[in-house]
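Trainee: For chain A, the structure is supplied; the task is to place chain B on it using the hints.
Taken in sequence, the protein lines are chains A and B.
Numbered according to the numbering used here, the first sequence spans residues 1 to 253.
Numbered according to the numbering used here, the second sequence spans residues 1 to 204.
These are computed hints drawn from the structure, not numbers from a lab.
None of these values were measured; they are calculated from a predicted model.
Just so you know, even glycine gets a beta-carbon here, dropped at the ideal spot from N, CA and C.
The reader is advised that the hints may include incorrect statements.
[To be verified] Derived CB-CB ranges, DEER-like:
| id | chain 1 | residue 1 | chain 2 | residue 2 | range |
| --- | --- | --- | --- | --- | --- |
| 1 | A | I66 | B | E196 | 40 to 50 Å |
| 2 | A | H101 | B | E170 | 34 to 44 Å |
| 3 | B | N96 | A | A222 | 38 to 48 Å |
[Unchecked claim] Straight-line alpha carbon distances no greater than 20 Å define the calculated EDC-like cross-link-like pairs of lysine to aspartate or glutamate that follow:
| id | chain 1 | residue 1 | chain 2 | residue 2 |
| --- | --- | --- | --- | --- |
| 4 | B | K32 | A | D145 |
| 5 | B | K9 | A | D145 |
| 6 | B | K68 | A | E124 |
[As the list claims (entries may be wrong)] Here's a subset of chain B near chain A, in silico, CB distances under 7 Å, partners left out:
| id | residue |
| --- | --- |
| 7 | S13 |
| 8 | N27 |
| 9 | F28 |
| 10 | I31 |
| 11 | W75 |
| 12 | P95 |
| 13 | N96 |
| 14 | P129 |
| 15 | W137 |
| 16 | Q194 |
Each chain, letter by letter, is given below.
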Amino acid sequence: MQKAETAMKNEKQQSGPFIQRDRNWHPPAYTPTYKTSILRSPQKALLSLDNTLSEMTGPVFGHSLIGELDNDLLQNFSQNGDLPIGERIVVHGRVLDEKGHPVPNVLLELWQANAGGRYRHQKESYIAPLDPNFGGCGRTITDDDGNYTFRTIRPGPYPWPNGVNDWRPAHIHFSVFGQGFAQRLITQMYFEGDPLIARCPILNTIPDQAAIEQLVAPLDMANSLPMDSLAYKFDIVLRGRRSTYFENRREGN
Amino acid sequence: MPQSLNYLKETPSQTAGPYVHIGCTPNFAGIKGVYEQDLGASMVNDKTKGERITIRGSVIDGNGMALKDALVEIWQADSDGLYNSPFETRGTADPNFSGWGRSAGEMDTGEFCFHTIKPGVVPFTDGRPMAPHITFWIVARGINLGLHTRMYFPEENTANQADPVLGRVEHKSRVPTLIAQKDGNDYRFDIHLQGELETVFFDI
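Pulled out of the complex, with its shape left as it was, chain B reads as follows:
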């Protein structure tokens, strides 16, 4: 017998279930007075640097139906491409931008909505620039392990073409599942869990 590595195993995931909003957005769920406001409801303030954008979308099941019990979180860099994290070593991110948002979706439609700013460019592991992107994380009843994906911007065609992560998608016909659509002044980013339009999800 060799020595033991003595590593621990990661705690296994379990579905967020139908009542994830009680724990993560209690005010939205009608549980008032425990927390002043739901965490992640606001990402920007008046002083936040960068171009204000709004992102809307739905999480859609294999029958084409929008989920009404999902919780969607996003994580992104500020307008200079810096993350508001203690592990950001390249500089200090805009203190008026949290970089993290959480949406319970509309009660009736399940549509999520984020008011944020367009992120700057962040380097890939080898130093090449990644096109501006936002990380998405989706949990819901019926999802056994949270799903990671990314949203890219449709007007960044040149940067998207050179993006080292999009370049890893083997079936090029699936790349558009990671690119939002311009919808008036807003962006629309629907997430398809299954089917022909299934979003590319990431094992990170």
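The following block holds chain A by itself, in its conformation from the complex:
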């Protein structure tokens, strides 16, 4: 099945090891201004391992998994057809790899607070109220060109116990599956122009300002729906695969 589809597109599907992860681009494990990391950060050197089959492969999910409303957070927890409170937005983008190739069949799972900055979770105690029509989770799978779309409300910022008066900028959490388990990634999307971005201890775990900006979705008027929803575009880049032309590989591996 997979091979036939590839042949039709006249494109060689790459199956080699993934390009080494640039760990200076990601936040380091130990980031004391984000206090919870202090006791949860490994302190010993990681064991470097060029990918084996255990890392080059990974679960791939079929489009049949996705229900009709799974990517529509306006409606997927709606009670009696009522809509959640908040600014209606479309969040869309592409999933690409480091070489710029679109990555199809990527499962994206997202979760977020409601318009008041409150999560639907029993351990959450912020005074902002729950919204009876907002669950806060959604999922979708990218199409052949790596595209995805969600519809939701813009989440609110909220305070959290770290510093005395730390606030999270408005954000949406993304969990991303690529084609191999080595690509597995969780990240957060932020909104252009949010003054809390520069003040966020979690965003500031990332050492490079350009990497921080990679997590900020611009307002995308070209995809906004008149009299309906603003749009934000958030592209996601997963690790690319290394070309293996000159590598010694035994038959059958």
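Mentor: Here is chain B on its own, set in the frame of chain A:
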């Protein structure tokens, strides 16, 4: 100036935060009716080939406390050593085995649990056999980039001794952090984020 390589940078990671269960296991988090069931809750069915096993464990912080807000995923080969992935080129894996599991942990204790099968042998890059193993991936509040590690089996002493990945661990005293313990009929695999028992994590 040389030509530009024009490569993109990988999207930087951010912590999964305290509410990862809302997005990844919403039914567990009490958000019912959005998805029929939580993804990765079940890896096997009645027809799955192989020896049924159960793996339990905790993710433990630098103060010896078990995390209650972690999310643990595993990825493994079937009983013949084949991965249920489009990128498996050696054959077709058991269609009744997903190879992938996800556990939110018990609400009170944080202990994760997987009902799966014991994986077969998968070759290393040079063709040598790797001892049966399961890949683990751990995310949680306070973990800035998901942690990869492996679990090996205590009864596979000979295979473990010859395993090319375990052989790369420089401090041999740390190898046992990658080997589960037999606990009755089950396996126990505790993951220590810090300290003397810190699990060997992988940069893959």
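Trainee: Decide, hint by hint, whether the structure agrees.
Mentor: Going down the list of hints, with the structure as the test:
1. I66(A) to E196(B): 40 to 50 Å: holds (45 Å)
2. H101(A) to E170(B): 34 to 44 Å: This hint holds: roughly 36 Å between Cβ atoms.
3. N96(B) to A222(A): 38 to 48 Å: holds (46 Å)
4. K32(B) to D145(A): With Cα atoms ~32 Å apart, K32(B) and D145(A) exceed 20 Å; violated.
5. K9(B) to D145(A): It holds: about 19 Å lies between the C-alpha atoms, which stays within 20 Å.
6. K68(B) to E124(A): This hinted pair holds, its Cα atoms lying about 14 Å apart.
7. S13: holds (5 Å)
8. N27: violated (10 Å)
9. F28: violated (11 Å)
10. I31: The hint holds - I31(B) has a Cβ within 7 Å of chain A, the shortest such distance being about 5 Å.
11. W75: With a minimum Cβ separation of about 5 Å from chain A (threshold 7 Å), the hint on W75(B) holds.
12. P95: violated (12 Å)
13. N96: This hint is violated: N96(B) lies away from chain A, its Cβ roughly 15 Å from the closest one there, beyond 7 Å.
14. P129: violated (11 Å)
15. W137: Because about 6 Å separates W137(B) from the closest Cβ in chain A, which is inside the 7 Å limit, the hint holds.
16. Q194: It holds, given that the least Cβ distance between Q194(B) and chain A is near 5 Å, below 7 Å.
Going through the hint list in order, the structure does not satisfy hints 4, 8, 9, 12, 13, 14.
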